[in-house]
Amino acid sequence: MAGQPMFSDFDAIEVGDSRSLLRTITEADVRGFVELTGDDNPLHVDLAFAQDTAFKDIVVHGMLGASYISTVIGTQLPGPGALWISQSFEFLLPVRLGDELTVSCTVLKKHERDRLLELETRIVNQHRQVVLTGTGKVKLMIRKLAEREKASSTMAPRVAIVTGGGGGIGKAICLRLAKDGHDVIVNYHRNEESARHIVSEINAGGTRAIAVQADVSSNAGAQALYGAAIDAFGSVSVLVNNASPRIAPKPFPVTQWSDIQHHLDVQVKGALELSQVCLPAMQARQHGRIISIASQVTYGPPSIAWTGYAIAKAALTMLSRYLAAEFGPSGITVNCVAPGMTDTVLIGDIPEKVQLITARQTPLRRLATPQDVASAVAYLASDDGAFVTGQTLHVNGGGVMP
Amino acid sequence: MLNEATLRQVMSAVLNVAPSAIEQNSSMDTIGTWDSLRHLHLILAIEDEFKVSIPDDEAGNITSYALIKLVLQDLLKDA
Chain A
-19 MAGQPMFSDF DAIEVGDSRS LLRTITEADV RGFVELTGDD NPLHVDLAFA QDTAFKDIVV
41 HGMLGASYIS TVIGTQLPGP GALWISQSFE FLLPVRLGDE LTVSCTVLKK HERDRLLELE
101 TRIVNQHRQV VLTGTGKVKL MIRKLAEREK ASSTMAPRVA IVTGGGGGIG KAICLRLAKD
161 GHDVIVNYHR NEESARHIVS EINAGGTRAI AVQADVSSNA GAQALYGAAI DAFGSVSVLV
221 NNASPRIAPK PFPVTQWSDI QHHLDVQVKG ALELSQVCLP AMQARQHGRI ISIASQVTYG
281 PPSIAWTGYA IAKAALTMLS RYLAAEFGPS GITVNCVAPG MTDTVLIGDI PEKVQLITAR
341 QTPLRRLATP QDVASAVAYL ASDDGAFVTG QTLHVNGGGV MP
Chain B
997 MLNEATLRQV MSAVLNVAPS AIEQNSSMDT IGTWDSLRHL HLILAIEDEF KVSIPDDEAG
1057 NITSYALIKL VLQDLLKDA
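If you read the sequences in order, they're chains A and B.
Numbering (my numbering) for the first sequence: -19 to 382.
Numbering (my numbering) for the second sequence: 997 to 1075.
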């Protein structure tokens, strides 16, 4: 069984698995062993001395044969990453120069939690005589998680769902993720024309896109959107929760619960439903990115009359933190991008004077652009953002410094 | 109707710069003499010149030519 493929995966090892190697012991081996250990006991190196003993001939160092057990453990069972932690030996017969030894290890027991193997170790000579028996314990080290992450992200498909993809920020995110090599599902609710334009713009480039109408605030809508993504591209690696109703400012006395409910449904329930349909496959691949578009209103001074919008943004931010904590161990990052006032139609209701004042009060002296927001999303979706989770990236020119 | 030439004159006098230095994108950032003390004088001079009253909560915020113009246009429209 020598030369069999190595075990690299603890889970693949089973009780009864066995690996061995064949080795002929030569004088050069003995000389090398003496040089290495300093054990020049004449029984091993001086024929005349050996002949005067009960053995009548040179006896090879017991540990020389035994040392090949290390070779089996380190290269075959379990292979690279093995840590030999204990071993017992019974030396049953002497090994002679020229003996052909079969050195084998067999799994007796597996301790899953400790990633520990109990091995039967045995050396047999060319006459099928057992010259050594024993048992050993070996631990299989876990490879660094970083390597695992790297491996999984390079193998991961690059497919992004962007909800509300037809809007100002949504469009910029779709185009940017496509530029970074993602296939894109441009989700829209009513903005069909814009979504179709974005799709043709992306399809003219190096990646593919489809436009999918869906109301993400319903479970059926989320399922349908995910289903369309799977049908078109096979999987989803990035989910961007960007959809939001118009802010529709309302003074509190005339605000109704239904106004707030509408924002909660689209922003929070939408993110929740879609996360739930996307997460199982992300978990299975140990890789996934969920990015939600939050808002500076959660962190800065309240924008009076934006009650529903702001409550939903705050809830979305908290949902994001909780998902980050729960799914971090599955290799999934969950983050928010919180823009300040961004130059899109969404702020069309805001008086020009307020926009100008906001820009004047911002350290970088302008409003955010959709591209500013898309760049932050792209970073969180990229391999460079692999170790960032549970965070909110504030893209606001310094307007608010939480 | 706002007479921008008049506005530029008032600003150049208070801020002690040439009228030609007052441009559409001028602001506290671009005119070195436009500090917070001069800004108070500027608001008073503008109110005086155009016979308007700039609300307190706006006076501190209109720190660029564009903003002053916008607020003045609003006030003059109502007048």
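These are computed hints drawn from the structure, not numbers from a lab.
Among the hints, a few may not be true.
[Stated by the list, open to error] In silico DSBU-like pairs for lysine-lysine, Cα to Cα no more than 30 Å straight-line:
| id | chain 1 | residue 1 | chain 2 | residue 2 |
| --- | --- | --- | --- | --- |
| 1 | A | Lys249 | A | Lys230 |
| 2 | A | Lys230 | B | Lys1047 |
| 3 | A | Lys117 | A | Lys90 |
| 4 | A | Lys333 | A | Lys230 |
| 5 | A | Lys90 | A | Lys119 |
| 6 | A | Lys249 | B | Lys1073 |
| 7 | B | Lys1073 | B | Lys1047 |
| 8 | A | Lys89 | A | Lys117 |
| 9 | A | Lys333 | B | Lys1047 |
| 10 | B | Lys1065 | A | Lys89 |
| 11 | B | Lys1065 | B | Lys1047 |
| 12 | A | Lys230 | B | Lys1073 |
| 13 | A | Lys89 | A | Lys119 |
Hints versus structure:
1. A:Lys249 x A:Lys230: Holds - the C-alpha atoms of Lys230 of chain A and Lys249 of chain A are around 22 Å apart, at most 30 Å.
2. A:Lys230 x B:Lys1047: violated, 34 Å
3. A:Lys117 x A:Lys90: holds, 10 Å
4. A:Lys333 x A:Lys230: holds, 19 Å
5. A:Lys90 x A:Lys119: Judged against 30 Å, a Cα distance of about 10 Å means the pair holds.
6. A:Lys249 x B:Lys1073: violated, 45 Å
7. B:Lys1073 x B:Lys1047: Holds, at about 13 Å.
8. A:Lys89 x A:Lys117: Within the cut-off at roughly 9 Å; holds.
9. A:Lys333 x B:Lys1047: holds, 21 Å
10. B:Lys1065 x A:Lys89: Cα-Cα ~84 Å, so violated.
11. B:Lys1065 x B:Lys1047: holds, 15 Å
12. A:Lys230 x B:Lys1073: Distance of about 26 Å is within 30 Å: holds.
13. A:Lys89 x A:Lys119: Within the cut-off at roughly 12 Å; holds.
Hint compliance for this structure: hints 2, 6 and 10 are broken, all remaining hints hold.
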